[in-house]
Every structure is written in structure tokens, then in C-alpha cells.
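J.: Residue-level listing of the chains:
There are 2 protein chains.
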Amino acid sequence: MSKIPKPVIRRLAVYLRCLSELEEKGIKLVSSKQLASMLHIKDSQVRKDLSYFGNLGHRGIGYDVKGLARKLREVLGLYKIWSVIILGAGNIGRALANHRRLEQNNFKVKAVFDIDKRKIGKQIAPGLIVKNVDELEHFVRQNGVDIAVLAVPADVANELANRLEISGVKGIICFAPTTLSCKIPVEYVDITVFFKTLAHTIVNSSYNI
Amino acid sequence: MSKIPKPVIRRLAVYLRCLSELEEKGIKLVSSKQLASMLHIKDSQVRKDLSYFGNLGHRGIGYDVKGLARKLREVLGLYKIWSVIILGAGNIGRALANHRRLEQNNFKVKAVFDIDKRKIGKQIAPGLIVKNVDELEHFVRQNGVDIAVLAVPADVANELANRLEISGVKGIICFAPTTLSCKIPVEYVDITVFFKTLAHTIVNSSYNI
Chain A
1437 MSKIPKPVIR RLAVYLRCLS ELEEKGIKLV SSKQLASMLH IKDSQVRKDL
1487 SYFGNLGHRG IGYDVKGLAR KLREVLGLYK IWSVIILGAG NIGRALANHR
1537 RLEQNNFKVK AVFDIDKRKI GKQIAPGLIV KNVDELEHFV RQNGVDIAVL
1587 AVPADVANEL ANRLEISGVK GIICFAPTTL SCKIPVEYVD ITVFFKTLAH
1637 TIVNSSYNI
Chain B
1437 MSKIPKPVIR RLAVYLRCLS ELEEKGIKLV SSKQLASMLH IKDSQVRKDL
1487 SYFGNLGHRG IGYDVKGLAR KLREVLGLYK IWSVIILGAG NIGRALANHR
1537 RLEQNNFKVK AVFDIDKRKI GKQIAPGLIV KNVDELEHFV RQNGVDIAVL
1587 AVPADVANEL ANRLEISGVK GIICFAPTTL SCKIPVEYVD ITVFFKTLAH
1637 TIVNSSYNI
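Chains A and B supply the protein sequences, listed in that same order. Counted from 1, the first sequence has number 1503 at position 67 by the working numbering; the numbering is strictly sequential. Counted from 1, the second sequence has number 1528 at position 92 by the working numbering; the numbering is strictly sequential.
Check the hints yourself; a few may be wrong.
All copies of an identical chain are treated as equivalent in the list; a pair is satisfied when it fits inside any one copy or across any two copies.
[As the list claims (entries may be wrong)] Subject to a maximum C-alpha distance of 27 Å in a straight line, what follows is the list of computed DSS-like cross-link-like pairs (lysine-lysine):
id: 1; residue 1: LYS1619; residue 2: LYS1469
id: 2; residue 1: LYS1516; residue 2: LYS1502
id: 3; residue 1: LYS1558; residue 2: LYS1516
id: 4; residue 1: LYS1484; residue 2: LYS1558
id: 5; residue 1: LYS1555; residue 2: LYS1439
id: 6; residue 1: LYS1478; residue 2: LYS1442
id: 7; residue 1: LYS1478; residue 2: LYS1439
id: 8; residue 1: LYS1544; residue 2: LYS1442
id: 9; residue 1: LYS1619; residue 2: LYS1478
id: 10; residue 1: LYS1461; residue 2: LYS1507
id: 11; residue 1: LYS1442; residue 2: LYS1484
id: 12; residue 1: LYS1619; residue 2: LYS1461
id: 13; residue 1: LYS1464; residue 2: LYS1567
id: 14; residue 1: LYS1469; residue 2: LYS1439
id: 15; residue 1: LYS1469; residue 2: LYS1567
id: 16; residue 1: LYS1442; residue 2: LYS1469
Hints were generated in silico from the structure; no laboratory data involved.
So that you can see chain A by itself, here it is in the shape it has in the complex (with noise of 0.2 Å):
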């Protein structure tokens, strides 16, 4: 199970985005192709990503919405409530410490740290004071943090990590353009890639047309 690759895992958590939406809409039953019209791919990926966690559609029928969901809650770990800080209270950390589908999503935002004098104290969402970074350590071991995003300047993200690293957060997100030499798992956000993609897709598409 430790080996899916990493492309099926992100389409495995859209996969679960489009199951709550029909969940919702109180639909029981979907097919490899609705699912696969509504992330732009082809059918036959739809099955062979689920094809990993065993045989849990039904030929002709399609899989059971609810269950389908349930098994990819299991598999990305979405069974528990996951506790998260937010380094930095930037325009980044601001826009994350107040994404509700964050907590939806079982992500829960307990704390933000800055290092800026004129933001420590301050709301930055509701419930949610800006703490000075100098309780980091203390503020992990006391809550028992899972995942710290990192929204800072790519020069103190390295530093930062490996304090995060020695405190025992169990994860990083990483917001700031660097690579981290923490040995914990690093996801890496970089909003620019969506732009250079959806760039390099319209420079191709012109060429067609």
C-alpha cells in the first residue's frame, strides 16, 4: 500500500473531492467515466487508480459512493483529525488559517507563529491569535502537531524545518521556494507551477488551432 505513486495519491484525493460533492447530492451510484468527466481524464485511469485497493466497483453498476469514499478516507488517512500550525501570517498564512475546507477536510489549524512584532497578538482567523515563533517548540510538544505549513521567506524555511523536525512534527507543506533537508515528508507548493502549466498548455493549444 506504501507504494502507490505519488500521481495516483493526488488523483485519489479529487476522486474523494468529486465523491462528497455527489454524497451531497445524495447520489448513490457513479461510474469510472462520470468520475473521469469530472477530472478531464480518460475512464481507464479512473480504474486502474482504484484497481490498487482491490475490486470495488461492479460492472455495469459502477461504485457505491459512500463506500468508494470511505476506502479513500482510509487510504490518504483522513480517519483522524489532523492538527496543523501555520508558520508565518503573511497573505499565505492568512489564506490558510482561514480556508474552511481545511477543517472540513479534517485539517485543523490550532495555532500560527510570526516572528513580526506588529503581527504577534493579533486575529488572524476567527479564534486564532498570531503566537511569537519563540513557542514553537513548546506549543508541539504540549499539542502533539502533525503537520506545520511553512508560508516564510525561502532564506528561514530550512532553519524553521529542522526545528519543526526536532520538536516531532510528523510532516512539512511548504509554501517558500526551497528545498528542505529535513528528513520528515515534505509536501512543496509552488503556485507558480499551475501558472507555468496552464502557460505551457495554451502556448500548445494556439499551435493547434
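Use these hints to put chain B onto chain A, whose structure you have.
T.: Below, chain B without anything else, positioned relative to chain A:
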């Protein structure tokens, strides 16, 4: 060239970020091994990805940093300035409007739109005053917008996407958790996917401890 798989394109964008870091440090040559270690992937993957563009490396010497960066910018369509607008002046819209790395990468935010009268007319970023979404079509036609970012609630995203397509926008970056029905290229950004992928990695690496 239009057949390059999307995961490869995404990695090209990340290679380019690494190459820019090396360029800034004045480093002239880089091996596939060095690039691979910066991305935490295998060096065979780097060589395979870059082989899409012919023989860019020199066995035993490595890749010419400047030359490879130039080639990747060309492939990704970054030889021009991309004109960008943002729909939605909430926390995500604000973070993007202030994200300096967009402009550094040739994505220039020209305007931000919202429907909320309390936000319209206010400054959201240096030189950017929030405009009324009623002005959308006029602005797009006058200014030749390439890319629009949808940082709006899911229930209005599709209607706005259709308006953007009709106005002549070439592609959309969609932060709304929904699937759009327009025909122009769309890149979906779901921040929770990064959290779910990390959660999966953490759960599976704990199994191995």
C-alpha cells in the same frame, strides 16, 4: 511537443525554479543527479524528462544551467509576459495579488474583481484597486487578458468561467472546488490535495517505523 504528459510539465516548472536558484548563485553546470536531489526524485527521471527536448546534456559534464533554463522557459511559454486577472478579492485573491513570485515568473496581475461593494474600490495590493465584476468583459476585451484566476465560491465559478471564455480569456486557474464546463484550458488548484497527499505519506511511513 504538445504530447508531453502533465506530470512532466509540472516537473519542468520545478526544474526551472531550481535552475534559477543555481543561476543566481553563479553556478554554470548541473548534473541530473544534483537536479534530482533538489526534487527528491531519481536522476533517471530527470534524464528521461529532459530527453523530450533532444540531447540537452553532456555525458559526464552535465547540463548548461543557462541554456537549459532558456529551453525550459521556451517550452513553458515563459518568453512572454502573461496578463492575469483575479476574480474574488477574498483571502486567496489577496494572497495571489501580492505574490511577488508570479510577476518574477512573467505572470503580471492586471486587475482584481469582486461582487462585494465593501471590497470594490479598495486597494488589495500595491497598484491594484478591486474592480466591480460588472466591468469584467469590458476590461478583458480592452486589455487582452491571457489567464483568469477563479478565487470565488464554487457555486458561482462555472458562470464566471463561461463569461471569461466568451470574453476571450485563454485559460483559467481554478481555486474553487468544482469542475468547470468551459472549453478553454483549466488548471485546478485544490490546496487540500497537498494536505491529503502528505497525510497519506505520514500514515504510510509510520507503518514502516
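J.: Look at each hint and say if it fits the structure.
T.: Status of the hints after comparison with the structure:
1. LYS1619 - LYS1469: between (39 Å within a copy, 19 Å between copies)
2. LYS1516 - LYS1502: Intra 18 Å, inter 47 Å, cutoff 27 Å: intra-copy only.
3. LYS1558 - LYS1516: Neither. Shortest intra-copy (30 Å) and inter-copy (41 Å) distances fail the 27 Å Cα cut-off.
4. LYS1484 - LYS1558: So LYS1484 and LYS1558 fail the 27 Å test inside a copy (48 Å) and across (49 Å) alike.
5. LYS1555 - LYS1439: neither (42 Å within a copy, 47 Å between copies)
6. LYS1478 - LYS1442: both (18 Å within a copy, 14 Å between copies)
7. LYS1478 - LYS1439: Cα proximity of LYS1478 and LYS1439: in one copy and across copies (22 Å, 15 Å).
8. LYS1544 - LYS1442: within (23 Å within a copy, 31 Å between copies)
9. LYS1619 - LYS1478: Result: close only across copies, 17 Å inter versus 36 Å intra.
10. LYS1461 - LYS1507: within (19 Å within a copy, 47 Å between copies)
11. LYS1442 - LYS1484: Result: close both inside a copy and across copies, 14 Å intra and 18 Å inter.
12. LYS1619 - LYS1461: between (42 Å within a copy, 25 Å between copies)
13. LYS1464 - LYS1567: Answer is neither: 45 Å inside a copy and 42 Å across each miss the 27 Å cutoff.
14. LYS1469 - LYS1439: Both. Shortest intra-copy (26 Å) and inter-copy (23 Å) distances satisfy the 27 Å Cα cut-off.
15. LYS1469 - LYS1567: Answer is neither; intra-copy 48 Å and inter-copy 40 Å both fail.
16. LYS1442 - LYS1469: Cα proximity of LYS1442 and LYS1469: in one copy and across copies (22 Å, 20 Å).
In terms of the numbered hints stated before, the structure departs from hints 3, 4, 5, 13, 15, listed from lowest to highest.
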